[in-house]
Amino acid sequence: MKKFNVLTTTCVPLNVESVDTDQIIPARFLKTTNREGFGANLFCDWRYDSNGNPTPGFVLNSKMYGGQALVAGKNFGCGSSREHAAWAIAGYDFRVVIAPLFADIFRGNALNNGVLPVQLSEAFVEAIFGEVEKNPQVTVTVDLPAQKVTINSTGQSEQFDINPYKKYCFINGYDDIDYLLSIKDKVEAYELSRVKSGALS
Amino acid sequence: MSQTLFDKIWERHVVESIADGPDVLYIDRQLIHEVTSPQAFDAMRRRGLKVFRPQQVTATPDHNTPTLNQHLPIREEASRKAVEALRQNCRDNGIAIFDLNTDYNGVVHIVGPELGLTQPGMTIVCGDSHTATHGAFGCIAFGIGTSEVEMALATQCLLQSKPKQMRITLKGKLQRGVGAKDAILYLIAQLTASGGTGCFVEYAGEAFRSMSMEERMTVCNMSIEMGARGGLMAPDEATFRYVKGRMYAPQGAEWEEKLSCWKTLFTDSDASFDKEYIFDAEDIKPYITYGTNPGMGMGIDEAIPPDEPNVKALEYMGFKAGEKLLGKPVSYVFIGSCTNGRIEDFRAAAQIIRGRKKAANVFAYLVPGSKSVERQAREEGLAAIFEEAGFTFRQPGCSACLAMNEDKVPAGEYCASTSNRNFEGRQGAGARTLLVSPLTAAAAAVTGKITDPRELM
Numbered sequence: 001m002k003k004f005n006v007l008t009t010t011c012v013p014l015n016v017e018s019v020d021t022d023q024i025i026p027a028r029f030l031k032t033t034n035r036e037g038f039g040a041n042l043f044c045d046w047r048y049d050s051n052g053n054p055t056p057g058f059v060l061n062s063k064m065y066g067g068q069a070l071v072a073g074k075n076f077g078c079g080s081s082r083e084h085a086a087w088a089i090a091g092y093d094f095r096v097v098i099a100p101l102f103a104d105i106f107r108g109n110a111l112n113n114g115v116l117p118v119q120l121s122e123a124f125v126e127a128i129f130g131e132v133e134k135n136p137q138v139t140v141t142v143d144l145p146a147q148k149v150t151i152n153s154t155g156q157s158e159q160f161d162i163n164p165y166k167k168y169c170f171i172n173g174y175d176d177i178d179y180l181l182s183i184k185d186k187v188e189a190y191e192l193s194r195v196k197s198g199a200l201s
Numbered sequence: 202m203s204q205t206l207f208d209k210i211w212e213r214h215v216v217e218s219i220a221d222g223p224d225v226l227y228i229d230r231q232l233i234h235e236v237t238s239p240q241a242f243d244a245m246r247r248r249g250l251k252v253f254r255p256q257q258v259t260a261t262p263d264h265n266t267p268t269l270n271q272h273l274p275i276r277e278e279a280s281r282k283a284v285e286a287l288r289q290n291c292r293d294n295g296i297a298i299f300d301l302n303t304d305y306n307g308v309v310h311i312v313g314p315e316l317g318l319t320q321p322g323m324t325i326v327c328g329d330s331h332t333a334t335h336g337a338f339g340c341i342a343f344g345i346g347t348s349e350v351e352m353a354l355a356t357q358c359l360l361q362s363k364p365k366q367m368r369i370t371l372k373g374k375l376q377r378g379v380g381a382k383d384a385i386l387y388l389i390a391q392l393t394a395s396g397g398t399g400c401f402v403e404y405a406g407e408a409f410r411s412m413s414m415e416e417r418m419t420v421c422n423m424s425i426e427m428g429a430r431g432g433l434m435a436p437d438e439a440t441f442r443y444v445k446g447r448m449y450a451p452q453g454a455e456w457e458e459k460l461s462c463w464k465t466l467f468t469d470s471d472a473s474f475d476k477e478y479i480f481d482a483e484d485i486k487p488y489i490t491y492g493t494n495p496g497m498g499m500g501i502d503e504a505i506p507p508d509e510p511n512v513k514a515l516e517y518m519g520f521k522a523g524e525k526l527l528g529k530p531v532s533y534v535f536i537g538s539c540t541n542g543r544i545e546d547f548r549a550a551a552q553i554i555r556g557r558k559k560a561a562n563v564f565a566y567l568v569p570g571s572k573s574v575e576r577q578a579r580e581e582g583l584a585a586i587f588e589e590a591g592f593t594f595r596q597p598g599c600s601a602c603l604a605m606n607e608d609k610v611p612a613g614e615y616c617a618s619t620s621n622r623n624f625e626g627r628q629g630a631g632a633r634t635l636l637v638s639p640l641t642a643a644a645a646a647v648t649g650k651i652t653d654p655r656e657l658m
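As you go down the protein sequences, you meet chains A and B in turn. Last residue of the first sequence: 201 in this note's numbering, with the numbers rising by one and none dropped. Last residue of the second sequence: 658 in this note's numbering, with the numbers rising by one and none dropped.
If you're looking for bench data, these hints aren't it; they were derived computationally from the structure. For clarity, every value in this text was computed on a predicted model and none was experimentally measured. Treat the hints with care, as some may be off.
Selected chain B positions facing chain A (in silico; Cβ < 10 Å) [said to hold, decoys possible]:
id : residue
1  : V215
2  : V216
3  : P223
4  : E278
5  : G295
6  : E351
7  : A604
8  : R627
9  : A630
10 : T648
11 : M658
Even glycine gets a Cβ: it sits at the ideal position worked out from N, Cα and C.
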């Protein structure tokens with residue numbers, strides 16, 4: 001996994017609530033058996049019309065907005081467990097998604113793919129939308145060690161929560177699987193103890 | 202110390218707790234299908250890893266499979282390759298697969314319980330958010346991403362932080378013509394599509410207790426649609442009766458031993474929850490959604506709230522705030538999915554369809570959830586009732602629930618659907634989904650419009 005420390009970037013504002021994983025990457029794109037190439041189809045049905053032409057007005061098609069932070073409304077990533085949604089966001093080169101609430105499975109998938117889900121208050125996310133609307137060149141700084149996001153045009157900042165273990169993994173680029181593989185002897189001991197104790201199931 | 206049902210199962214599966222971090226949770230059973238597993242196997246090959254406990258993993262292709270002419274090769278190349286990759290990965294790793302054209306193929310969350318793979322007290326995962334279904338048996342069952350599929354294949358464990366806990370109590374009895382699907386759509390509408398985020402839900406109370414196992418599965422299945430990672434119900438005699446004698450169920454002395462363990466799986470009377478809600482079953486009518494998330498629902502005879510704030514959803518659906526849906530024409534009907542593709546769902550549909558004809562303006566997908574359901578529907582004469590009414594009774598698969606195979610709803614068309622998601626484009630680009638019960642879907646199929654099923658009963 002890519003390491004993450006401090007990122008200063010412009011934002012792509014997607015002020016929509018309950019953006020579901022069928023919008024992030026529609027099911028028809030889930031047939032390939034690799035992890036690459038999903039960025040091209042990120043938000044496909046919002047981004048392109050039925051003839052495959054870019055939909056004017058959709059934020060990814062706007063020349064004004066860019067950067068490595070996607071800012072969205074609450075309940076981002078609800079719906080299916082498809083990790084392809086995180087692959088599509090990472091594939092488009094976003095490193096951060098900022099929203100007032102994340103769906104649980106998406107949050108986990110993002111964390112496993114080097115995309116930092118940053119949950120901030122609705123008021124603070126509104127403030128980002130407001131500043132970016134006024135000036136698309138406005139940057140935010142996402143400081144993972146300090147667990148803080150700053151809107152650089154106003155100096156306004158807010159703390160965010162992250163599990164200390166996950167923070168450590170993210171800063172150092174460690175995957176969960178590396179840890180699990182390192183404790184396999186404990187897993188085997190656990191299995192044995194369950195057999196001895198008359199396992200529940 | 203008093204514990205919830207969830208606490209009891211979780212605690213027994215913690216291999217170790219990381220200080221300031223997640224728990225290492227042991228996984229009893231993993232189910233896999235062709236969409237979310239190939240990248241996990243690829244990554245394992247790259248890392249030189251083997252499947253740790255192949256006998257605890259079971260596969261069934263379902264998302265991409267056609268629902269007609271399954272004996273022929275899958276026409277679409279990408280779908281065919283995905284199913285072939287699943288077969289190869291199972292062969293290479295010694296994983297049991299219930300393949301297409303075999304007796305027990307079907308939708309993963311229907312097949313698991315049918316085969317007795319799902320048992321009380323287990324931790325069960327699958328790369329599919331509707332894994333919550335298995336919670337009906339008193340399991341901690343939840344959907345995972347592909348990186349976690351890889352972790353569970355390689356180590357039989359996941360790193361998980363213990364979620365918050367919510368209890369939803371449904372008092373009293375459901376009215377005639379109102380079923381498990383109406384109940385869960387009602388609850389999601391009350392709590393919203395994100396009301397359960399961060400939580401695991403325990404469903405309690407008389408209305409759930411008196412449900413069959415299949416109805417309980419319908420309820421738990423849609424826990425994810427209120428944002429909850431999963432939902433579960435305490436196992437009881439109905440659970441034990443359902444599991445007993447199935448292919449993977451314990452037998453003899455082992456059955457007795459497990460049964461005595463399973464009987465300890467309930468929430469202690471003084472255990473507490475982070476959130477608690479109580480509803481009355483008698484308030485629930487046949488339910489229908491009118492928007493583009495499952496929380497946008499209402500009683501079938503009600504009007505869309507005049508102050509509905511989600512204007513984008515109403516525009517997509519072609520509805521106006523304040524209008525009723527009763528009498529609106531629908532051109533597609535889908536009865537099936539892991540939510541409502543079981544035998545009781547087709548019995549309910551047959552109750553409405555018997556002696557009536559398919560409406561001329563309707564195209565319907567009637568898709569059993571498994572080969573077992575398909576066989577039973579034929580044996581019970583349900584398939585004959587559907588065919589006599591002008592419907593085609595198909596072969597099992599996920600089908601029009603997520604439109605990964607040929608079963609799609611065209612842009613702009615309305616579909617009364619027993620599936621679980623009404624997201625934009627879920628049933629095909631531009632399709633407009635109305636989530637309903639099997640009774641309501643069947644009523645739409647024979648009248649060609651949104652109809653209160655109680656009028657036809």
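Here's how the hints hold up against the structure:
| no. | hint | verdict |
| --- | --- | --- |
| 1 | V215 | holds, 9 Å |
| 2 | V216 | holds, 4 Å |
| 3 | P223 | holds, 6 Å |
| 4 | E278 | holds, 9 Å |
| 5 | G295 | violated, 18 Å |
| 6 | E351 | holds, 6 Å |
| 7 | A604 | holds, 6 Å |
| 8 | R627 | holds, 5 Å |
| 9 | A630 | holds, 6 Å |
| 10 | T648 | violated, 29 Å |
| 11 | M658 | violated, 33 Å |
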